[in-house]
Amino acid sequence: MGMSGFEYAPAPESRAVVDLDPSYGLFIGGEFTDGTGSAFKSISPATEEVLAEVHEASAADVDRAVAAARHAYERVWRDMPGRDRGKYLFRIARLIQERSRELAVLESLDNGKPIREARDVDLPLVAAHFFYYAGWADKLAYAGHGTQPLGVAGQIIPWNFPLLMLAWKIAPALACGNTVVLKPAETTPLTALLFAQICQQAELPPGVVNIVTGAGATGRALVEHPGVDKIAFTGSTEVGRSIARAVAGTPKRVTLELGGKAANIVFDDAPIDQAVEGVVNGIFFNQGHVCCAGSRLLVQEPVYDEVLASLKRRLATLRVGDPLDKNTDIGAINSAEQLARIRELSDIGEAEGAERWSPPCELPDRGFWFPPTLFTGVSQSHRIAREEIFGPVLSILTFRTPAEAVEKANNTPYGLSAGVWTEKGSRMLWMADRLRAGVVWANTFNRFDPTSPFGGYKESGYGREGGRHGLGAYLR
Amino acid sequence: MTRLPVLKTYKLYIGGKFPRSESGRSYPVSSPSGVVNAAQGSRKDVRDAVVAARAAFGGWSRATAYNRGQVLYRVAELLEGRRAEFGRLAPDVDEAIDRWVWYAGWTDKIAQVAGNANPVAGPYFNLSVPEPTGVVGILAPQSSPLLGLVSVLAPAILTGNTAVVIASESSPLAAVALAEVLATSDVPGGVVNIVTGRTAELAPPLAGHLDVNALDLAGAPVDLAASLEGLAAENLKRVVRRADPEPDWTAEPALDRVLAFTETKTVWHPIGV
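Chains D and F supply the protein sequences, listed in that same order.
The opening residue of the first sequence carries number 150 in our numbering; numbering runs sequentially from there.
The opening residue of the second sequence carries number 5 in our numbering; numbering runs sequentially from there.
Calculated directly from the structure, the hints in this document are not laboratory data.
Don't be surprised by glycine CBs; every beta carbon is placed ideally from N, CA and C.
Some hints could be false.
To be verified - Now the in silico label distances, taken between C-beta atoms and shown as ranges: (1) Gly276(F) <-> Glu493(D): 38 to 44 Å; (2) Ala489(D) <-> Glu205(F): 43 to 49 Å; (3) Asp190(F) <-> Thr550(D): 29 to 35 Å; (4) Ala165(D) <-> Val117(F): 50 to 56 Å; (5) Ala59(F) <-> Ser528(D): 24 to 30 Å; (6) Asp248(F) <-> Arg232(D): 35 to 41 Å; (7) Asp215(F) <-> Glu493(D): 27 to 33 Å; (8) Lys21(F) <-> Asp496(D): 49 to 55 Å; (9) Pro420(D) <-> Asp215(F): 36 to 42 Å; (10) Glu493(D) <-> Tyr77(F): 53 to 59 Å; (11) Ala165(D) <-> Asp215(F): 52 to 58 Å; (12) Val40(F) <-> Ala364(D): 56 to 62 Å; (13) Ser530(D) <-> Arg24(F): 34 to 40 Å.
What the hints assert, rightly or not - Calculated pairs, DSSO-like style, for lysine-lysine (alpha carbon to alpha carbon, straight line, at most 30 Å): (14) Lys461(D) <-> Lys557(D); (15) Lys21(F) <-> Lys48(F); (16) Lys113(F) <-> Lys573(D); (17) Lys288(D) <-> Lys113(F); (18) Lys573(D) <-> Lys461(D); (19) Lys461(D) <-> Lys475(D).
Could you build all of it, start to finish, from the sequences and the hints given here?
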């Protein structure tokens, strides 16, 4: 590991806790049923081994799932006292805590993320999210968003935080009295299917939660289904746009949580070591597969050399490799397709004149890997400064004045998040006020909590998830 | 000898000024004194109005809530003084005045109602506040030329948004008269821009404009509403759909339209010594 000087013995987390079936059907009406679409395989991106076979839900399968959700909505869930809906959600929260090791290992296997993050970030937040919204179920009248559910929610989630995004979607929807049809991403369906088993274990009434696996066509069938009252989507801005077009002229309600190109702004008075830790967390957490990642570093000129040197020193200590090793900092890129996109944009960065740097690091032979990467000499017009790379790639720019930092930070069609590092309180509040982003992390980055609303400005989408505000997406 | 009256030219309201349409066109509309010509705005006028609205956004959104409240209350004061004139142009003048008063009072309260502290599980200060979305495109209600207009305009601008309004096509004169009130009531130029003309011609360039952040389809023609919403998807505008049947604008107002054009910003900061 280059200059770190430390040698680590392997510290693998045991996979024995995960007991996968060779094949999974669709979870509709409380049972696993065969789909009519074709089968596809979910693989481990770290090794390319096949983990299990799942089935692509056809339009007919989606129709069945929506019918099951409608039935459960009208017969059971809508009119159930909030207190009892809450109790089911509390049960689910407890079951997630009890089975958190199993879920964390499976998440790491299917997604490629380090077990340390799945165990210490994803799973605690998943359980907390269900706990938080469980408590709202019988208190909706106090939230200021109306008290009536919308009906059947079609929910489509991405592959970067599979179970956490499921929790962000399902917990508030159910608390408010809606039923759901959820489509997990095609590369990471397995924890959602394990969650379906948890719903069975919690004796959740059949049809309240339905899980349909598949890719874009399945998602489209769900979005366009006339029996769906609400669409909640997390994913790319491009797909978000197509969803907004598809629902135009319908009565469907929509919330969209889309892409980002967040600025992480370091002023010359910031504590540099803390700021560098925050910058590293901001872009290399979860391999940079984070919509709110701090993918543009804006450094005030007087501390540019110091920050860059410190950043390079820190990157050299990051451990890239086996996601199930408890010492791993950076795991596998989620898919061959995503790896190709990261490579393409990085190559474009070089071609447009930015300078690329990665610490020396050995990457495994099999699986999908990309080293932590910095680009210096980046200008605002470079594609790596404008487009979401969704990988462990940081573009570094500089600024002189606070006004210039604001101007550059806001110079993007996105507006999901931003970070600011300064010890001066009045400047921090001035910056926070002017940054056009839904989440501003001041002297921190990538913090999440079920009580804290999350969502974007501009082309990062609309609606909020989390907190009291998150209820607004599921009530009228 | 009877006095010969001075007639008025009905113009657009863009960036605090009263230009004619750059197209040079006008179209006939009925007024209390017979048929008159209103400016028939063009796509270019819409684009100019968006530029003016964007330019005004920084100052208006950063004005204090107290200041915005004072300015909007001033609009009610000036309308009160011109009740007779407005009474000839539209019904519900008193309700329209009272609506300005109602919304003016919200400027320094909305953050307290729509924002809150978040008790996160960690040593962080965490606060969510509503902020204005940006430039809002508004298709004013067609059949309620004053009260309907105020009921969609005031909630959009009170939080700091700026607006481009397409006035009621057949009854635009109340909107033009309101522009004269806005121009003399300390509302900064560009905060409200009003374009008169053919809705079907003006609405698509507004709905598809990439520097417009949100769209109120209150007055969208029924056959155009879906395609306008589709155009708005291009840059993910926040859209308030056309209601069917048309809302009763005399009914008690609510916060829906205020909140539809706000963004929730959440700020985290560590707590420590």
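Inset, instruction - Return holds or violated for the Cβ distance of Ala165(D) and Asp215(F) against the range 52 to 58 Å. - result: 57 Å, holds
Legend entry - Pairwise hint evaluation, Lys113(F) against Lys288(D), where the allowed Cα distance is 30 Å at most: Holds, because 23 Å separates the two Cα atoms, which is no more than 30 Å.
Inset, instruction - Check the following: the C-beta atoms of Asp248(F) and Arg232(D) are separated by a distance inside 35 to 41 Å. - result: Hint holds: Cβ distance 36 Å, inside 35 to 41 Å.
Legend entry - Hint check for Arg24(F) and Ser530(D) - Cβ pair distance inside 34 to 40 Å: 39 Å, holds
Legend entry - 30 Å limit on alpha-carbon distance, applied to hinted pair Lys21(F) and Lys48(F): 16 Å, holds
Inset, instruction - Using the beta carbons of Val40(F) and Ala364(D), state whether their distance is inside 56 to 62 Å or not. - result: 59 Å, holds
Inset, instruction - Return holds or violated for the Cβ distance of Gly276(F) and Glu493(D) against the range 38 to 44 Å. - result: Given a distance of about 42 Å, which is inside 38 to 44 Å, the answer is holds.
Inset, instruction - Evaluate the given range 49 to 55 Å for the C-beta pair formed by Lys21(F) and Asp496(D). - result: Distance hint for Lys21(F), Asp496(D) holds at roughly 50 Å.
Inset, instruction - Given the hint of 29 to 35 Å, check if Asp190(F) and Thr550(D) actually sit that far apart at their C-beta atoms. - result: 31 Å, holds
Legend entry - Pair hint Lys461(D) and Lys557(D), alpha-carbon separation not exceeding 30 Å: The given pair, whose Cα atoms are some 24 Å apart, holds under the 30 Å limit.
Inset, instruction - Using the Cβ atoms, figure out if Glu493(D) sits within 53 to 59 Å of Tyr77(F). - result: 56 Å, holds
Inset, instruction - Using the beta carbons of Pro420(D) and Asp215(F), state whether their distance is inside 36 to 42 Å or not. - result: The hint (36 to 42 Å, Cβ to Cβ) holds, given that Pro420(D) and Asp215(F) are roughly 38 Å apart.
Checked against the numbered hints given earlier, this structure breaks none of them.
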